[in-house]
Amino acid sequence: MTWEQLIGAGVLAAMLRLATPIALAALGGVIAERSGVVNIALEGCMLVGAFFGVVAADRTHSVVLALAVAMAAGAVLAGVHAVAAIHLRSDQIVSGMALNILALGLTSFLDYQFYGNTGTPADLAAVPDVEIAPLAAVPFIGDVIGHQNTIVWLTVVLVVLIQVFLFRTVPGLRLRAVGEHPRAAETVGIGVRRTRYWAVLASGLLAALGGAYLSLSVAHSFTDGMTGGRGFIGLAAMIFGRWTPIGALVASLVFGYGTALSFSLQGASIGDVRVPVQLLSTLPYVLTILAVAGFVGRSRPPASDGIPYETEGH
Amino acid sequence: MAVAFRTGLFNIGAESQLLVGAVAAGAVGARFGFLPGPILFPIVLVAGIGAGAAWAAIAGYLKAARGVNEVITTIMQNYIVVFVIHWLLQNGPMTAPNALGTPASAPIGDGAVLPIIIPNELVPLTRLHAGIFLAILAVVVFWFVLWRTPLGYELRAVGLGARAAAQAGIDPRVHTVIAMAIAGGFAGLAGMIQVTGVFHRVFDGFSAGYGFDAIAVALLGKNSPIGVVLAALLFGAFARGGSIMQANAGVSAQLVSVIEAIVLFVIAAELIVRILARRRGPKPLEAIA
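From first to last, the protein sequence lines are chains W and P.
Per our numbering, the very first residue in the first sequence carries number 309; after that it's consecutive.
Per our numbering, the very first residue in the second sequence carries number 28; after that it's consecutive.
Chain W on its own, in the form it takes in the complex (with noise of 0.2 Å):
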């Protein structure tokens, strides 16, 4: 084991570009949840962005048409949780997973429909790298942050813009109200539910840009099931962040990190013992169910966080 595999500019490139789509999924989750609704479909959507993503790519060769319409398809989906969760009060967890689910299966089918078994195209348009021309040349830096992906650097500047939104501007005060105490908010003369229409919708567009990122960034094509639970983990990121965006970027990076250690100890070991690389792998986990169950730090989520809001008089 040397320092290379443990801190290598290397090793630090790859997690910025693990954490990306991590991180998208735990702001979309963190704006749902701060106005009080439960998304765990924010895994589906990220499926369906990513596949949708690939079709508009191949069908219009153009990188911004491609990423406007993966982000129309997660708010598609997250478009019909709300309706469930918001309009229909029913139980948003079993909404989310069988939209999870659905777009599970609607994505393999229309995969197998449009490309068979040969695969997604190999010239699809890609979302370009970014190539910081003076720090190209500087020997860390540069080859940490130097040439990282569009929706890296995207994501950064998301995570400020949400954190400033909903802790500095009236409406994510307002946003925030309706996830803590829904009625307090109805009150003072704040739609409560077009609130949370709104809310939803964004966590659907953050998540299916999470999943364009990985097929129009990393992989260049798609795969069945392709984002491999990220949305799941993105949850995870946000609680372990504490429903605050840049805690839950916080999150992702060192989610990130673990991954991206996995990769960089395979084979390396300490004296004569291999490094149990996948034991590494569980870190995260471990660390969530640590934190939300108040052994590291404390995390509350909001007030009236999966609670149905009903308005007086029915």
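Just so you know, the hints here were simulated from the structure itself, not pulled from any lab data.
Some hints here could point you the wrong way.
Said to hold, decoys possible - Examples of chain W residues lying across from chain P (beta carbon under 7 Å, computed): (1) 586; (2) 589; (3) 590; (4) 596; (5) 602; (6) 608.
Glycine included, every Cβ here is placed at the ideal spot set by N, Cα and C.
Fit chain P to the given chain W structure using the hints.
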């Protein structure tokens, strides 16, 4: 699964409880493989059920003692188990040389292998093994415990209304742990049956998403034992029929997952309709007035 639903818990962790049960059964079955069947099989059975139950009870405990949503815990547990199994089989204590092409454990002792009751030669493409009897037995036990024992009554009471049950002297927290443990025990049994009846060892990528299907099965079966059996048969037919259709008729097996997904979505929609219907009905107090 269904046991946990009855107490109002949502157990997403059946997948991991199944895997833990399978690993325990595989480990014990291989380690004590020299024992004769009548001694070995009960040990493997208990190991599978016990491991699944203990693993699920963690989520139940965290829910009861720390108020942690069991959905979060069980999803996290699913990932933990997958990686731990990678480790166990790839470079951990259960690694064994084999000719499968994937990392796998040593085979279990012959004494623990479930006999095949309808061999392939008789009816092609089936490997119906004695696990079916264990499954039927489990359904009967499930029915008996839930509807014919004081424990079952208390579990259902907690599911219908935790606060009312607490007023009646039933501690919802204790029953949360018990319900999760029972659910985990059933999932562990399923994993144990997979090991002793089908694969005779544990290998990487062992689970084919059985736990995920179980959520759909329990919802479709409306948590009653007979319903669960019928729903399980339906999904079994989906899985089996899907691969045969693909081989013989060129129909995409993914079509089956789409149908499965639609089935689950219809179930969810049906739940929604029921919620709506209840809202429209007269409230109890108004009905009296």
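Contradicted hints - numbers only:
6
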